[in-house]
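So the protein sequences, as listed, match chains A and B. The first sequence begins at 1 in this note's numbering and counts up by one. The second sequence begins at 1 in this note's numbering and counts up by one.
Mixed in with the good hints there might be a few duds.
In silico DSSO-like links for lysine-lysine, alpha-carbon gap of 30 Å or less [claimed, not checked]: (1) B/K144 with A/K60; (2) A/K60 with A/K182; (3) A/K47 with B/K43.
Not the full set, but computed from the structure, chain B residues with beta-carbon under 8 Å of chain A [claimed, not checked]: (4) L52; (5) T53; (6) I139; (7) I146.
Hints were generated in silico from the structure; no laboratory data involved. Keep in mind the model is a prediction, meaning the values are calculated, not measured. We put the beta carbon where it would ideally sit given N, CA and C, even for glycine.
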Amino acid sequence: MSRLSRIIAVATLAAACAALCSAQDLRAPQSAIAGEETAISTTGSGKATFYLVGPGVSRKNDATLGEDVHLAAQDIRTAGYYVAILCSDTCHSAGFYVNAAKPTSLTFLVHPSRVPVAQSDAVSGVAFAFDQFHNLVLAPVNVNFQLTAKDKDKDKDKASPLFSRSVRTQNGVAWFRTPSGKSAGPLQVTAALDDVTARRAVQQVASEPCNLRITGQRTKTGILVQTEPVHDCAGNVLSDGTIVTFTATGPQGKDTVDAPIKQGVARAQMDSSGPAVISAASGVVMGNEIHVEAQR
Amino acid sequence: MMPPAPIRRTALLILLIGFFLFASTLNSLAADPSVQVQLDVKKAAPRAVETLTERGILRDYRFAWTSMAQALEFNTFDPLEGPFSGQARQFLRQTVTSQQQSGLRRRYADQSHHVEAVFYAPEGDVIELHDTAQYHLQILDGDKTIHEENAVAHYVILMTPGADRWTIRQLQAVPQF
């Protein structure tokens, strides 16, 4: 009986040893960088099937236990969670994360594309840093935002900075908000990160008209009314196309006509033979009133 | 005047068929109710998330996960077309192509997502979400399960508004937030 027990014990030990000696396992890297090759180490002996499952990849190939499985740069281009699986008799797996590589591009959203001058918190920008494989870079980096505009009072070709700020990304994003400048014209907005720069342009336009004044004279066919050059309160000429509404009030009733500003001046011909009081308005701004005598 | 009985029966039949077709279309468009999503927008800044926007994001985020699970389980591209755009759609299409070639599939079951909005752009044109997701993941080679786990995963998501829905542009798993 004792002899039989010894035989069984030895056989069990031998089987366990054999199982342990050929047991396959795998070890994944602690973490990896997108687009940088790495390896999965395996233990055991014999043949197995290796699988790599992750974002953008689903690979299956033969592997030799005890040897490293090479992961090419293109296998791990997308940042995220990967599972390496090794199957022979049974399957074993190990998970690992691939992190974004260093930033090589900025996605830069700027609003609005057209803005009136001297408005508070009117211009905003949001920048996301991405690596060359379009993975969002979540490690904090500094993004330098700068707004420059040509100063109408100074050298025409020289741009003066309106705003400059370095913002550290948080959760992969950096942003700013700032008032618009004082002069109409293009506003250059840049976001820079090391040698990566993204540029956007915002058109600054005149704000509401300031001191809207009109003149009028009777002609053979009616009354010709026009504004003096229309400026905002900072002295910027209002953009072409801005509408000025002229209203003539006389004994025959009220007559209204809209006229767009062209090169700073809005003009309109009004059909009225009697005496009339003419006024003008643009947006929320009212102009002066003029009295025109009846046609003789 | 009432129409004759055979015409009434035909009309009733057409109505019934129409109803069933309509109901099945609605069902295919609806998000999988087994995907549980909770969205917290209290920390969203610098712009606050309005209630209707919150509902839209919740609906479209849930639908995106339902669609992704379908695409990766059955290796089809169609479910990815609506809810994903940009980089997210590209890598998911690559994943499906790669799975078709290798004969692998992934099955996401019992999904539960705790989503927090951490950034909402001043003009409302992009939102960043952090999702702590729990699901049962199965990886299959043909019909053989080669890996399964109850996973707790963290995702960073960028969503942008489209004409009628929010789409996922970036979906990136990270070790932690």
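**Item:** Restraint status (C-alpha distance of B/K144 to A/K60 at most 30 Å)
**Value:** Between B/K144 and A/K60 the Cα gap is close to 14 Å, so the pair holds against 30 Å.
**Prompt:** Are the Cα positions of A/K47 and B/K43 separated by 30 Å at most?
**Reply:** Violated, at about 52 Å.
**Prompt:** Taken at face value, is the distance from the CA of A/K182 to the CA of A/K60 at most 30 Å?
**Reply:** 62 Å, violated
**Interface hint status, B/T53 versus chain A (Cβ within 8 Å)** = 17 Å, violated
**Prompt:** Should the hint that B/L52 touches chain A count as held when the rule is a Cβ pair under 8 Å?
**Reply:** Violated: closest Cβ of chain A sits about 21 Å from B/L52, beyond 8 Å.
**Message:** Does B/I146 hold up as a contact with chain A if the rule is Cβ-Cβ below 8 Å?
**Reply:** The hint holds - B/I146 has a Cβ within 8 Å of chain A, the shortest such distance being about 5 Å.
**Evaluation of the interface hint that places B/I139 against chain A, nearest CB under 8 Å** = 5 Å, holds
Hints 2, 3, 4 and 5 from the list above are not met by this structure, while the remaining hints are.
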